[in-house]
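With the hints as a guide, bring both chains together as one complex.
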Amino acid sequence: MHDWSEEIRIRLARAGLRPEDELLVVEELSAHLDDVVRDLTARGVSLDDARARALDELADGDFARLVASARAAAVPPIPIGSQRGGGISGVLFDLRLGARMLRRNPVFAVLSIVTIALALAANATIYSALRSLMLKPLPYEDPDNLAFVQLTSPRESEARIDTLTRWSWPKYEVLHRTQRAYAALAGFSTQDVAIFNGGTAERAAIELATPSYFPVLGISPATGRLFDATRDPRGDGSPVAVISHAMWLERFGGDASVLGRTLDVNRQPFTIIGVAPPGFAGLSGSAVAWIPIAHANTLVYDGVMEETGNHWFKVVARRNASLGAEGERAALSRAYNAVGAATASENGGAIISVPLDSRRVTPAMGRTVMILFGGAALVLLIACANIASLLVARSTAREQEVAVRLALGAGRMRLVRQLLAESMVLATAGGVAGILLAQAGTRALRAMTPALLASGGADLLTLEPARIDVGVLLFTLAAIVVTGVVAGLLPALRASRTDLNGALRDGTTAAGHGRSSARARSVLVVVQTAVAVVLLVGAGLLLRTFLHTRAIPTGVEPSHVVTMRLAPLESDGYTAGRAVQLYTDVTNRIDAIPGVTATSVDRCLPLSGACSTTVATGAGAQSFELDKAPEVDIHFVLPGHLDALGLVLKRGRMLTDADRDGTSKVVLLSESAARHLFGNADPLGQRMKLATAYLRDDASAEVVGIVSDVRYDGVTDPPGRSVYAPALQMASRSMYVFVRTTGNPADLAPAIRAAVQEAAPGVPVTTLQTMKHHFADVLARTRLMTLLLGGFAVFALTLAMVGVFGVITFNVEQRRAEIGLRLALGAQPHAVAARIALHGLAWFGIGITVGIPAAFAASRMLQGLLYDIAPTDVTTYACVLVTLAAAGLAGAWLPSRRAASVDPCCTLRSQ
Amino acid sequence: MQQELKKGTTPMLILALLEHEARHGYDLSRMIELRSGGVVHVHAASLYPLLYRLERAKLIAGRWVEKPGERRRRFYGLTPAGRRQLAQQRETWSEFVRAIGEVAGVRYA
Numbered sequence: 001m002h003d004w005s006e007e008i009r010i011r012l013a014r015a016g017l018r019p020e021d022e023l024l025v026v027e028e029l030s031a032h033l034d035d036v037v038r039d040l041t042a043r044g045v046s047l048d049d050a051r052a053r054a055l056d057e058l059a060d061g062d063f064a065r066l067v068a069s070a071r072a073a074a075v076p077p078i079p080i081g082s083q084r085g086g087g088i089s090g091v092l093f094d095l096r097l098g099a100r101m102l103r104r105n106p107v108f109a110v111l112s113i114v115t116i117a118l119a120l121a122a123n124a125t126i127y128s129a130l131r132s133l134m135l136k137p138l139p140y141e142d143p144d145n146l147a148f149v150q151l152t153s154p155r156e157s158e159a160r161i162d163t164l165t166r167w168s169w170p171k172y173e174v175l176h177r178t179q180r181a182y183a184a185l186a187g188f189s190t191q192d193v194a195i196f197n198g199g200t201a202e203r204a205a206i207e208l209a210t211p212s213y214f215p216v217l218g219i220s221p222a223t224g225r226l227f228d229a230t231r232d233p234r235g236d237g238s239p240v241a242v243i244s245h246a247m248w249l250e251r252f253g254g255d256a257s258v259l260g261r262t263l264d265v266n267r268q269p270f271t272i273i274g275v276a277p278p279g280f281a282g283l284s285g286s287a288v289a290w291i292p293i294a295h296a297n298t299l300v301y302d303g304v305m306e307e308t309g310n311h312w313f314k315v316v317a318r319r320n321a322s323l324g325a326e327g328e329r330a331a332l333s334r335a336y337n338a339v340g341a342a343t344a345s346e347n348g349g350a351i352i353s354v355p356l357d358s359r360r361v362t363p364a365m366g367r368t369v370m371i372l373f374g375g376a377a378l379v380l381l382i383a384c385a386n387i388a389s390l391l392v393a394r395s396t397a398r399e400q401e402v403a404v405r406l407a408l409g410a411g412r413m414r415l416v417r418q419l420l421a422e423s424m425v426l427a428t429a430g431g432v433a434g435i436l437l438a439q440a441g442t443r444a445l446r447a448m449t450p451a452l453l454a455s456g457g458a459d460l461l462t463l464e465p466a467r468i469d470v471g472v473l474l475f476t477l478a479a480i481v482v483t484g485v486v487a488g489l490l491p492a493l494r495a496s497r498t499d500l501n502g503a504l505r506d507g508t509t510a511a512g513h514g515r516s517s518a519r520a521r522s523v524l525v526v527v528q529t530a531v532a533v534v535l536l537v538g539a540g541l542l543l544r545t546f547l548h549t550r551a552i553p554t555g556v557e558p559s560h561v562v563t564m565r566l567a568p569l570e571s572d573g574y575t576a577g578r579a580v581q582l583y584t585d586v587t588n589r590i591d592a593i594p595g596v597t598a599t600s601v602d603r604c605l606p607l608s609g610a611c612s613t614t615v616a617t618g619a620g621a622q623s624f625e626l627d628k629a630p631e632v633d634i635h636f637v638l639p640g641h642l643d644a645l646g647l648v649l650k651r652g653r654m655l656t657d658a659d660r661d662g663t664s665k666v667v668l669l670s671e672s673a674a675r676h677l678f679g680n681a682d683p684l685g686q687r688m689k690l691a692t693a694y695l696r697d698d699a700s701a702e703v704v705g706i707v708s709d710v711r712y713d714g715v716t717d718p719p720g721r722s723v724y725a726p727a728l729q730m731a732s733r734s735m736y737v738f739v740r741t742t743g744n745p746a747d748l749a750p751a752i753r754a755a756v757q758e759a760a761p762g763v764p765v766t767t768l769q770t771m772k773h774h775f776a777d778v779l780a781r782t783r784l785m786t787l788l789l790g791g792f793a794v795f796a797l798t799l800a801m802v803g804v805f806g807v808i809t810f811n812v813e814q815r816r817a818e819i820g821l822r823l824a825l826g827a828q829p830h831a832v833a834a835r836i837a838l839h840g841l842a843w844f845g846i847g848i849t850v851g852i853p854a855a856f857a858a859s860r861m862l863q864g865l866l867y868d869i870a871p872t873d874v875t876t877y878a879c880v881l882v883t884l885a886a887a888g889l890a891g892a893w894l895p896s897r898r899a900a901s902v903d904p905c906c907t908l909r910s911q
Numbered sequence: 001m002q003q004e005l006k007k008g009t010t011p012m013l014i015l016a017l018l019e020h021e022a023r024h025g026y027d028l029s030r031m032i033e034l035r036s037g038g039v040v041h042v043h044a045a046s047l048y049p050l051l052y053r054l055e056r057a058k059l060i061a062g063r064w065v066e067k068p069g070e071r072r073r074r075f076y077g078l079t080p081a082g083r084r085q086l087a088q089q090r091e092t093w094s095e096f097v098r099a100i101g102e103v104a105g106v107r108y109a
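Residue numbers (my numbering), protein chains in the order written: chain D, 1 to 911; chain U, 1 to 109.
Next up, chain U with everything else stripped away, as it sits in the complex (with noise of 0.2 Å):
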């Protein structure tokens, strides 16, 4: 069930990460992890391939960055279209989670 769940939010959670601030791979899962609490570890093993396929779509676009000292880096941003990606999985999901917790009768506070 968890795993079900975690394959088809992960794409949005990392849309939404890079919401604000374009971010490296390591960052992404780290702040996934971080951010759920510990619930939701993404594998290096899925995470990369899954931002391929985003930047293939058009959805975020990487960018090679150099620190001294530091390895090269590929930073991730969100273009416009992962913009509005974003917004409408925004909408749907909170009208899932509504029909949701209405049917199942979850009662928010």
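If we strip away everything but chain D, and leave its shape as in the complex, we get (with noise of 0.2 Å):
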């Protein structure tokens, strides 16, 4: 046999074939000619003319194209030392390039890809959370110093700090009138109201402010004006209102001639003088329209302005930048006598400046998305170590290229980069699509942001919501640059320092044996596992939380139960004095719907966190004085209240039908206002007092009844002391009425607000929704979070598992041959696969053990997010490493099963 190769190759070398490629035309043309040369010698040609004929056969010109147009293209050679490699153009090319190494692999590249993408969505939109919530600069001028002003009393509860105190009209004048404290102050105060167009009435909010809340946050007008200043702190009593310019656009169709025409709030006119700027919707973030607070006398109710006793607006000060924290402190501290001086209220308490930007959310909610940015980031890592993983493995395949390019003279930093380039148009591809995924994830969290701001509970400056901006753009881009840099640095590193020697003499040795290659692969998988480790503690945590507050007795029987809130208004002629009568009529017709079996009323929602508190200055024989007496919260409630909440009675009786207004004044106590005001005495028929409108003039009212406790402030929160008092005797304008059904109480619905309609003709009816669906709202934030830490860790164990594999393949591959001798001779194939698994579960084990002083630290971050479970949970924690070992044996099952079923022919034959 002749040795055809080098002719062969010759005429092959305009082809550009892979190497190994080649190597098969070059066997398979080579049997060729010798089947010629043999035909024709054995037809008596001569040896020398049957291989120049033999050679004739491969003379057509296009030989060469034709094999390369039939057979896959060659790998693109890393160049070495090639002009192209400096500058950007250099850059460019070697990204070129990546991408083309990329698509010879599709299924590494479309995998990396996913993994990437899936990993910068998470960080994407959470970042934007983020950022809306708490980095993005308040849209306010100098918003630094801005700052709400808070009266504070010694006798401040705890939970309720978190709330913003309030101020009545009289101490804010004083304050107004005499402090020296700020530059500017401004008065602004929520209220729902009845926006009439035409006929038909929308509910909305507006804000009541003192003609300096615009000037104070540095707003100047879309259009039109804003309110004139004036001596007066209330403003003059002009009949004005400034609209948003979202009303502006929506009612008004964004015309200029809207100034002078005429809004009706509550049936009120007022004149527009004004559009605020796109975007502002107040301090609450949920204004529509401005009306100068001197007009609370008729929109809230007449004579709120002159109680020096409720306190009902905000205050938002800018703060006098020269005077500095001591002066300012001082001053407050003067402003502080003269306002409880002036208003004989003085109990101890200050005045405090609190930060604009520190309450923009809740320190829970602040909390809250800082750990699931932490928890994204992690869940990057993860996968940038996957990909890290998967990169080792490759290069591993080319180390011997890459030492041949090396010992040709090409610079180590260029092959660096040339790999980096690799791992950078994979972050690149998957930061593409992370960011079209995260478009879809804002939107999703835009349509949770309702319920979530609604179960923070305490004030928020609303913001705009979260959505993909510049800034989220800017930060996706620094994770892309950065998840490149991770995932790519350590291969090129790894391989930029091939060991020429080895590589090089190594040479009949089959890709992917670098032992340095296996170390590297399982540190990755130590990482990978930690992570995991760390996320799966986090998210178990939180979910046994989320279970624990499920099953929290609320105190109410929510299924069956719709609630809404009528809103009458007193144009209407619905005056508080009719209040009593309005309930007891609507109520009778909604108990008239068949499928009704009870109905009853409050002023608030159990776990709504907006019940009236009072104090108890009176119980039975003590007496308390006002500063010092027990706080309550205060309910009136129809005969029908336990029924339709599903509240128990524990002793005495119910309120009836016979307590109502002319009869004697009674109430019932929660256990925990039983137990907390009487003690151990038996507060049945003693009498008590109360700081509320129910009782004047030192009336008592008998504690005739006991009932179970319910929980009106947060689940967590413990149950209120509440004090229960007849509707029957004394009901506000606005309450919510509880409908208990037999049936879906949905479906009744539509009865149910024809009922109202007939029984109260033109009031509106809101917030109609089932109970159930409120308590849902209630934990949406708990859910929320456990939904997406879960949604973390399940993220982090898939990878970490998918290491595993990789590792334990790996290993199964790089050990064929000894596998095979040990398995002819004798070994047990079972045996086998277990010293594999166990192998590469090792690294499994390192990395749980590095995970779980990891999570240990990690979790108490999550500590006031957490109830009725430490961080340290046992449960969890075990709960946690079944998983990771199911987990871990998964992973490394198919792998071993291979390495068992290793053809000791096969393999040895290869060798």
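These aren't lab readings, by the way, just hints derived from the structure by calculation. The reader is advised that the hints may include incorrect statements.
Unchecked claim - Only pairs whose alpha carbons sit at most 25 Å apart, straight line, appear in this in silico DMTMM-like list of lysine to aspartate or glutamate:
1) K665(D) to E625(D)
2) K67(U) to D34(D)
3) K772(D) to D633(D)
4) K67(U) to D903(D)
5) K650(D) to D633(D)
6) K136(D) to D357(D)
7) K772(D) to D868(D)
8) K58(U) to D27(U)
9) K67(U) to D21(D)
10) K628(D) to D682(D)
11) K67(U) to E19(U)
12) K650(D) to D717(D)
13) K628(D) to E346(D)
14) K665(D) to D698(D)
15) K772(D) to D717(D)
16) K67(U) to D39(D)
Shown next as structure tokens:
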């Protein structure tokens, strides 16, 4: 046999085949040429002639091109020391080359891109929330110098410290007149009103504001003017209104002639004098219009501006920067004394400034976002580790090629850059896909925002909702670069450190054998596993919190209950004096609907944190000083209340229809209230006093019954110390109505609405919803957080599993010959599989060992978000370990089986 | 003319030759020459690229076979897709031949 390879190679050179491909073509053609020569010599042709004629077979000039077009294209070689190596064009060249390399291995590329896309989408989405909630500067002039002004009293309970305290007008007036602490002050209050448009009314939120409100925030009108500054801080009494830009567009079509037109608020006409700039919705975040606070007497209730003890609006101030913190404190102390002296309200409290920026989110919400951000970052880290692991495997396969290039004088930096380009291309593609995914993510987040904010419980400066803006894009860009570098650096550095001597001498070794490669990938498995432990523990703790929270008895049986709020207008003739009659009529009418079993009313919903509190000034023989009196919350309910909400009468009697106007005052106590007020004494038949309009002029009420506790604040807050008084004796104008039904409560909603319209024509019904729905909203944040962190954890677990799978598969390939030998010498296949699996699982085990202390440290951050569970909860850790062990075994199973099924004959022969 | 004809029909010839048994490249070139009575000769330089193209189109599948004392040879066999392709080409071909015959007035015995 003649060696044709040189002759064939020369003719194939222009085809640029992959070396392994070329080898095969040469082999096949050699056989062909041998055959030609054999036949020709058999016919008597001389050997030299025969060879020449055989080579004529390949004489076609198109030969190389034809072969090239029929076989796969060759690997584009990494150019070394090419002139295109430097500068921008060099980088672009590298990137193009990287993209080409990835196209040749689509499964790897797609998997990597999907992994990165998911991780980056999570990061971009959470960052968009973080940015809009906490990072973006407030859209006001010099926002750092804006502050809420808090009037604190020493009695303020810990639980309510998050809530902004409010001011009464007389106190504000004194503050306004005497204070030297601030450059300017403004008061504002959100009011729920009906805005009429012809015959139809729409519920909307407006802000009553002092004329200084817009100047303090540095807001100028989009068109028209804002409130005139007046000597009187409440403004002059002229009926004017500024409307929001959104309202201007929606209701008036952006028409400039809107100025001078009338806005009908609660059937009172206000002249529109200006339009606020786009995006501005007041500090409450929901206002559609602003009306001078002087109109509170008609829009809130008559006399509200004169009440010293009624704290109903918030105060915002522009700080006096020249004063300094110490000077401000002193000035506020003097202001407090002045206010106290003028209104006889001094009680050892203080006036303090709370920076606006610190009140954008509640501390719990802020921590929630930060933790989710941390979780997303960990997911990205684990994804990087996965990509790095895959790249290491690939670069190992190219070890020899790299060694040759290095030996030929390629710069190591050049190689590192080339390999980094590949991971950069992956990260960029993943990033682009991730941004698209994040669009959907933020859309989902926006849809959930109202529920999330509502369940925050405390005042929030609602800002623009999360969205993908330039800031988020920049963040994602940075994340892409970090991802590309983190995922690519280890493989690139490893490749550039290739041991030339070893790799070149070791030429016969199949690709992927490098010991250091195995070590690098094992280290990555340790990282992945450790991160998975941290995320799983966090998710586990939150899941258990969520389950605990759901299991907390609220004191109310929410299924089959519909709630709604009636908002009758005083201007429609529904005065406070008619409220008892109104609610009697409405509930009687609803009671008549088939399928309704009980109805009641109250001023607030369970789990709303919105119930009025008052203080008990007397209980039995004890009487309390006003500033030391125990706090209770007060509810006005109908006799059907227990049945409607599922409360239990523990002792005594329920309120009845006989407890009506003109009869003696009676109250029910919740068990907590009874315990708190009366201790061990029997409260039944005792008399008590409350600092509320229900009991005026030192009157007292008899405790006639004890009922079960209800949680009126958050789910995890203690049950309210509640006092229930008969709504037949006193009702508020706007109240919630509860309806218990036998069937699906939502089915009865239309009938209930109709009944309300019959009994009380024209009364707006708002927030009609099932109690279950309301409860679900309350838990929305915990649920969302559990879901998100759980999703992160599952993602991390999957990636860790893939990591283990990869390392063991790699290990099996590497030790094929050894395994074959062992099997040939009589080793049991399952014993071999177990050995292989154990080897891979060892790294997994190390990851767990590293991860547990890390999880331990990280879970401390969750502390305030957990309920009834310690961050060190043993059960959670045990569950996480079991889950991880199962995942590890699953990841190890398949490749180990492969080891056991190695065919000793094949592997030994191939050596 | 002959060159053109050859180009268009060689793939069919190869498929047909592989219909009943797997063959290697040299075998194929010999069979084509033999069966055509020496009229058609396919050079290795065009035969092998054609084989690779057919294999890439999954009409034929190659397999290395070793025999003691010889070079490894690559044997090609028809895939199910190749079988379908062959049947279809035969159909088209005989229709074409019939049509040409009608037009050109060629008569077969």
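Would you mind confirming whether the straight-line C-alpha gap from K772(D) to D868(D) stays at or under 25 Å?
At roughly 23 Å apart (the allowed maximum being 25 Å), D868(D) and K772(D) satisfy the hint.
Quickly compare the C-alpha distance for K67(U) and D39(D) to 25 Å and report which way the hint goes.
holds (19 Å)
Checking one constraint from the list: CA of K665(D) to CA of D698(D), max 25 Å. Satisfied?
Roughly 12 Å between the alpha carbons, so the hint for K665(D) and D698(D) holds.
Given pair status - D903(D), K67(U), alpha carbons within 25 Å
holds (22 Å)
Given the proposed pairing of K665(D) with E625(D), does the C-alpha separation stay at or below 25 Å?
holds (22 Å)
25 Å Cα cutoff - pair K67(U), D34(D)
Since the Cα atoms of K67(U) and D34(D) sit roughly 15 Å apart, the hinted pair holds (cutoff 25 Å).
Does D357(D) lie within 25 Å of K136(D) when you go C-alpha to C-alpha?
Satisfied, since the Cα-Cα distance of roughly 10 Å is no more than 25 Å.
Hinted pair K650(D) and D717(D), Cα distance within 25 Å
Given that 25 Å is the threshold and the Cα spacing comes to 22 Å, the pair holds.
Is K67(U) close enough to D21(D), meaning Cα to Cα at most 25 Å?
It holds: about 22 Å lies between the C-alpha atoms, which stays within 25 Å.
Tell me if the straight-line CA distance from K772(D) to D633(D) falls inside 25 Å.
holds (23 Å)
Is the hinted pair K628(D) and D682(D) satisfied, with a Cα-Cα distance of at most 25 Å?
Distance ~22 Å between K628(D) and D682(D) Cα, so the pair holds.
Check the hint pairing K67(U) with E19(U) against an upper bound of 25 Å on the C-alpha distance.
Roughly 23 Å between the alpha carbons, so the hint for K67(U) and E19(U) holds.
Hint compliance for this structure: no hint is broken.
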